[in-house]
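Trainee: Residue-level listing of the chains:
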Amino acid sequence: MLKSTVTGNYPKLPTQKGDINIRRMLHRFDKAEINRQELEQAFDAVTGRVVREQLESGIDLPTDGQIRWDDIVTPFASQADGFEINGLIRWFDNNVYYRKPAVVSDIKWRKPVAANAYRLAYSQVGKAVKVVLPAPYSLMRLSEDCHYHNQDRLLADLAALLRAEVEALVAAGAEHIQFDDPCLQYHVEDLSLAAEALNSVVKGFHATFWLCFYFGSIEKIAPDFGMFNVSIIAADCVSVPANCEQLLRFAHQQIPCFGMVDARNIKLEQDDILRQKYERISLLFPDAYISTSCGLEFLPHASALEKIRLLGRTVKQFRGE
Amino acid sequence: MLDTTTVGSFPKPDYLQKARTQHSVGKLGDAELHELELQATREVIRQQEEVGLDILVHGEMERGDMTTYFAEKLVGMGISDLVRSYGNRYYRKPIVADALQRPAPMTIEMFKYAQSLTEKPVKGMLTGPYTMCDWSFNTYYESRREVVLAFARLLHDEVKDLQSAGAKYIQIDEPAISTRPEELPLAIEAMAIVTDGIRAKTISHICYGDFRTIYPLILDLPVDQLDLEFANSGYANLDIFRTPRFTKEIAFGVLDIHSHRIETVEEIVSGIKKGIDVFGVERMTIDPDCGLKTRTTEESFAKLRNMVAAVRQVKSELGLR
Chain U
1 MLKSTVTGNY PKLPTQKGDI NIRRMLHRFD KAEINRQELE QAFDAVTGRV VREQLESGID
61 LPTDGQIRWD DIVTPFASQA DGFEINGLIR WFDNNVYYRK PAVVSDIKWR KPVAANAYRL
121 AYSQVGKAVK VVLPAPYSLM RLSEDCHYHN QDRLLADLAA LLRAEVEALV AAGAEHIQFD
181 DPCLQYHVED LSLAAEALNS VVKGFHATFW LCFYFGSIEK IAPDFGMFNV SIIAADCVSV
241 PANCEQLLRF AHQQIPCFGM VDARNIKLEQ DDILRQKYER ISLLFPDAYI STSCGLEFLP
301 HASALEKIRL LGRTVKQFRG E
Chain P
1 MLDTTTVGSF PKPDYLQKAR TQHSVGKLGD AELHELELQA TREVIRQQEE VGLDILVHGE
61 MERGDMTTYF AEKLVGMGIS DLVRSYGNRY YRKPIVADAL QRPAPMTIEM FKYAQSLTEK
121 PVKGMLTGPY TMCDWSFNTY YESRREVVLA FARLLHDEVK DLQSAGAKYI QIDEPAISTR
181 PEELPLAIEA MAIVTDGIRA KTISHICYGD FRTIYPLILD LPVDQLDLEF ANSGYANLDI
241 FRTPRFTKEI AFGVLDIHSH RIETVEEIVS GIKKGIDVFG VERMTIDPDC GLKTRTTEES
301 FAKLRNMVAA VRQVKSELGL R
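First to last, the sequence lines map onto chains U and P.
The first sequence begins at 1 in this note's numbering and counts up one residue at a time.
The second sequence begins at 1 in this note's numbering and counts up one residue at a time.
Isolated chain P (complex conformation) (with noise of 0.2 Å):
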């Protein structure tokens, strides 16, 4: 009950930065960059645990992108040159350009590194197979359905892997799923098979789309928590969840990523309150809006630290331990 977590990636230290460029460039081997990833790693569990968070991440040191990463470990996919996301960002687009295949498992050594850290939980993650598809070309297969579905079938076997591995929370993204209101059944289709049979605690995150088109068929995605923005709209789209009501888990993104303003104590209890009023506290759990990595790491604990402050208040008034 309003346990404290954060949706995936942090900032990446400079020293990971410049040598992620210096290895783009030959300049740094595979066991180098390697080696800072694991010492980034440490430093931001040491970091959520300092801040107090319950359910951790890995921190996703060792991605630069969350479909790149996964189209780098798959066979079948291919990577493109810089296409811009917004204003001066750019990222490099992952190409489906043959049948999709998984040679190894592509989570499970970071998060079993990250796990032997900390006694706290950590949460596996994913990139969902609609996402996966919606942010690649596709220049093999024939239709989008077969290009979902064979992510899908990848993705479960990774999924049985980090249950495999300990994991108690997997966090399957599906940032794109509000993307085409008319293509959610294939995305509920694709994730009943990536979940199939799993019982760790299942999370999707989904952001920066119109909830309205997708609520309340979202509520069939086969997950058991739904993890969404609220801060970045300024709490407005919270009335689209009161009816009809919703029944999942709901973790609830109460940073705005995307401003480098640190949010006051005051105004994040103010925000989870009427989170509470919707959802119902035992069923929250307190996050960002979205991946923490667009922001310094001073601003990312900063914002922690008060959401953290906020939540115990918030506990404190409702008597909760």
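One chain only, chain U, in its complex shape (with noise of 0.2 Å):
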């Protein structure tokens, strides 16, 4: 039976008055009117309330939503030795920006950074939370190397740094572990580099991997999906319409996870449209995910609300519920 998840992010502001409103908090952090103590309540709080608002709309495997992160790169880098944080630039072909870490000496990973809201995530639903961390690859290519100069030796300590991330996710009772790639779509010349750093990264752990692709095309890495160890594909099939067929043909080795709602756009997709897409691939893959086409943090919380529910209500129906 089809199952819906998302893909990453969440809004972090409410549209509701009276909710807790990490912006403001963060405010009165910097202008010392609450502590260290009180501001983590807050991300507490709204991690909380992200998870039981997914699995309220009637997702089947939410995630934290990533209320304490800026984005999926620097998170990792500014908790490991070997970074630092630099200038802004633009996150792919978003009017977002990330800081880019520089990598400036040898890197090494000090402490964890997903499994605490993992575990805070876990406890306000009892049901599955899928965690999300940057593949190796990406990491890589979202990075500077200021320091190692060399591609091989770099993406080693960084899939270090990352399998020291995932013991520590399986060890605080993670099951579905989300890698997303989106610089390799982008780099296809790298893709048995990048296979073999991921491949690295999960070896001998138990758990569900995803690997995951947004706003551009598979196409060039569909035919290689074997090469990675992982369960789950995901693709963005919004951005590139295309994705789709790509999934369609090339994920038997996998169970592939269709990006079918627009994180990127407030308008509604119809749900007969959705519909008549789920019949096509159930018939492919009973038991494949729907998802968001990527994190919904491009979206304001009442618009991304919608699309959720949307999401969870369009496959619960076509399963029959």
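Treat the hints with caution; some may be incorrect.
[Claimed, not checked] Distance condition first, Cα-Cα at most 30 Å in a straight line; then the derived BS3-like pairs of lysine-lysine: (1) P:Lys168 - P:Lys120; (2) P:Lys274 - U:Lys31; (3) P:Lys293 - U:Lys17; (4) P:Lys73 - U:Lys267; (5) U:Lys100 - P:Lys274; (6) P:Lys18 - U:Lys17; (7) U:Lys31 - P:Lys27; (8) P:Lys273 - U:Lys100; (9) P:Lys273 - P:Lys168; (10) P:Lys73 - U:Lys17; (11) P:Lys168 - U:Lys100; (12) U:Lys267 - U:Lys277; (13) P:Lys160 - P:Lys201; (14) U:Lys17 - P:Lys27; (15) P:Lys18 - U:Lys31; (16) P:Lys120 - P:Lys273.
[What the hints assert, rightly or not] Between beta-carbon pairs, the in silico distance windows are: (17) U:Ala171 - P:Pro13: 49 to 55 Å; (18) P:Pro13 - U:Lys127: 46 to 52 Å; (19) U:Leu284 - P:Thr294: 45 to 51 Å; (20) P:Arg321 - U:Arg28: 49 to 55 Å; (21) U:Lys127 - P:Ala302: 20 to 26 Å; (22) P:Lys73 - U:Asn199: 53 to 59 Å; (23) P:Ser270 - U:Asn199: 43 to 49 Å; (24) P:Ser316 - U:Cys146: 32 to 38 Å; (25) P:Arg144 - U:Ser282: 30 to 36 Å; (26) P:Ser233 - U:Lys267: 34 to 40 Å; (27) P:His34 - U:Glu306: 34 to 40 Å; (28) U:Ala207 - P:Thr294: 40 to 46 Å; (29) P:Ser143 - U:Ser282: 29 to 35 Å.
In short, the hints are calculated from the structure, not lab data.
We put the CB at the ideal spot given by N, CA and C, even for glycine.
Put the two chains together into one complex, using the hints given.
Mentor: Okay, here's the thing in structure tokens:
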């Protein structure tokens, strides 16, 4: 049966007046009006709200919403040895920016970054929550190498950092761990390198590992999906509609996840159009996932909520629930 | 030759920030807010004259955001709730919800007012059609191309009105233009509509993108001058423009507007000399990387004072007046 999930982040600010407003809390923290503990409590409360909101909207597999993160790379770079965080760079083709990490010395993992948010999210709902990490290849591409000057060594150390993170997550009980690799679509010449690095991260761990692509075309990656030792391959089928065909054609060694609901525009998809797509997918892949095309933080909260309600409702209806 | 200017926005004084907040909740009327916007404009024109800039801007005291301002003036547009841009910064994203129309000129009154305050030229300031599209949600038009060209047609009317109002310099910002290199021909086609038949000097500001992906095709953008950032990257992106030869005038960004640090005269002099090496002194105007609204007034003018001093030093060394 088809299942629904989301891709990663979720709007941090609420629509509902009276709900905790992280933007305001961060301003108050900057002005020393609240202390670190109060800020952390606010992050925890918002994480709980967004996980519950996803489940109440009918999403089968939610994420923790990445409420503490500005993006998927700087949390890992800022908590490890070897990085400095530099100037703003555009996040792919979006009007969204991230601070590019610079590798300035040997990389070394210091402490878990994602495990606490996972534990908190799981404790709120008592159901599986998907954790999202950067794939080692994209973590490398989204950083600037000012130290190694050797791609193989840099990638190996980034893979080791992420392997330590996975170990902490698995120990915390995480069952679904997704690696986002949006850069690989633009550097398919490095496909083997990226697969080798990711495979070294997941080797020997018992969890359901996902590999997720968004924004670009997977045309040149799809024939080699089998190189990746992951259980599920997810792709954005809105930015590049042809990605849907690529998943249908090539995702035979893994379960595919189709990013069908546009997470970058507020226009709502029509139920019947989605249903037609689900019918086609389920013929070939009855256990496929349907998801948003990418993280939902490109939308204001009210629109993101409408999108996940649409996604949850249409998948449930398709299952006859 | 080596004229000094700024990119557009200046920080709003505290009294105006407070007034905007009061206005947004209905505690201050339109007329009262407008009077304070005029007061802030008078101050920023005087401050620019005091610091010794050659080409002034009106400071955008009446604008909250470079796209939202126009969205509020155009028929067919709405405004979304807050969407995150980076870190803890959010903006209200415009929505193209119906056929676009310009019911009245949008920037002429403030341009005329600012120009009436000074003998120095004041730039007319607009956001370009490609960026207006790229930074808006679209729920009405069938394609991005339709949206971009609809914006281009109405912005052409605005540019004609600015020229008729006496603007010698008209800046049409396109910070999103490097977002999707495959759409650069569309952005060029749209700018050709905007600047068709215009005699005033036309400028386009582009920032926070990967210039490698749009150079040299960006030289086909039908404007006289490109305004680009260089300080933010430590001038590392200069090499991109060595080959083939840069054929337009350049406004050369020497102040990192996302840093609180005040660049020293010496490092700005060094940056300008690097620019001269690539672009030649005859075609250069000197300015910050981007609008200054994210800095404090004190930081902004401390940076600009050093910029003007650096330009004077370089001119002196080169024997220029």
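Trainee: Now, for every hint given, state plainly whether the structure supports it.
Mentor: Here's how the hints hold up against the structure:
A C-alpha spacing of about 10 Å is found between Lys168 (chain P) and Lys120 (chain P), which places the hinted pair at or below 30 Å, so the restraint holds. Proposed proximity of Lys274 (chain P) and Lys31 (chain U) is contradicted: the alpha carbons are some 40 Å apart, above 30 Å. Note on Lys293 (chain P) and Lys17 (chain U): the hinted pairing holds, with a Cα-Cα distance of about 28 Å set against a maximum of 30 Å. Of the pairs offered as hints, the one joining Lys73 (chain P) and Lys267 (chain U) holds, with about 22 Å between alpha carbons and a cut-off of 30 Å not exceeded.
At most 30 Å may separate the alpha-carbon atoms for a hinted pair to count; Lys100 (chain U) and Lys274 (chain P) meet this at roughly 24 Å. Proposed proximity of Lys18 (chain P) and Lys17 (chain U) is supported: the alpha carbons are some 21 Å apart, at most 30 Å. In summary, the hint linking Lys31 (chain U) to Lys27 (chain P) is supported, as the alpha carbons are separated by about 25 Å, within the 30 Å threshold. With a C-alpha separation of about 27 Å, the suggested pair Lys273 (chain P) and Lys100 (chain U) falls inside the 30 Å cut-off, and the hint holds.
Taken as a hint, the Lys273 (chain P) and Lys168 (chain P) pair is honoured in the structure, with Cα atoms around 28 Å apart against an allowance of 30 Å. Proximity of Lys73 (chain P) to Lys17 (chain U) is assessed by CA-CA distance (about 28 Å); at most 30 Å being required, the pair is judged to hold. Between Lys168 (chain P) and Lys100 (chain U) the alpha-carbon distance is near 38 Å, which puts this suggested pair outside the 30 Å criterion. Among the hinted pairs, Lys267 (chain U) with Lys277 (chain U) is consistent with the structure: their alpha-carbon atoms are about 18 Å apart, no more than 30 Å.
Pair hint Lys160 (chain P) plus Lys201 (chain P) holds up; C-alpha atoms about 12 Å apart against a cutoff of 30 Å. Annotation: proposed proximity of Lys17 (chain U) to Lys27 (chain P) holds, straight-line Cα distance about 19 Å (limit 30 Å). A distance of roughly 17 Å separates the Cα atoms of Lys18 (chain P) and Lys31 (chain U); the hinted pair therefore holds under the 30 Å criterion. Of the pairs offered as hints, the one joining Lys120 (chain P) and Lys273 (chain P) holds, with about 26 Å between alpha carbons and a cut-off of 30 Å not exceeded.
The supplied range of 49 to 55 Å is met by Ala171 (chain U) and Pro13 (chain P), whose beta-carbon atoms lie about 53 Å from each other. Judged by the Cβ atoms, the range 46 to 52 Å given for Pro13 (chain P) and Lys127 (chain U) holds: they are separated by roughly 51 Å. Checked against the hint of 45 to 51 Å, the C-beta distance between Leu284 (chain U) and Thr294 (chain P) comes to roughly 50 Å, which is consistent with it. At about 52 Å, the beta-carbon gap between Arg321 (chain P) and Arg28 (chain U) stays in the expected band of 49 to 55 Å.
In this structure the supplied range 20 to 26 Å is violated for Lys127 (chain U) paired with Ala302 (chain P), their Cβ-Cβ distance being about 54 Å. For the pair Lys73 (chain P) and Asn199 (chain U), the beta carbons lie near 54 Å from each other, so the given range of 53 to 59 Å is met. Evaluation of the 43 to 49 Å hint for Ser270 (chain P) and Asn199 (chain U) yields a pass: the beta carbon distance comes to about 47 Å. Checking the proposed 32 to 38 Å range against Ser316 (chain P) and Cys146 (chain U) shows it holds: the Cβ atoms sit about 36 Å from each other.
Between Arg144 (chain P) and Ser282 (chain U) the CB atoms are about 31 Å apart, so this pair conforms to the stated range of 30 to 36 Å. Our hint of 34 to 40 Å for Ser233 (chain P) and Lys267 (chain U) holds, since their Cβ atoms are close to 36 Å apart. At about 36 Å, the CB distance of His34 (chain P) to Glu306 (chain U) agrees with the hint of 34 to 40 Å. Range check, Ala207 (chain U) to Thr294 (chain P): Cβ separation about 42 Å, and the 40 to 46 Å hint holds.
The hinted range of 29 to 35 Å is satisfied by Ser143 (chain P) and Ser282 (chain U), whose Cβ atoms lie roughly 30 Å apart.
Comparing the model with each numbered hint stated earlier shows that hints 2, 11, 21 do not hold.
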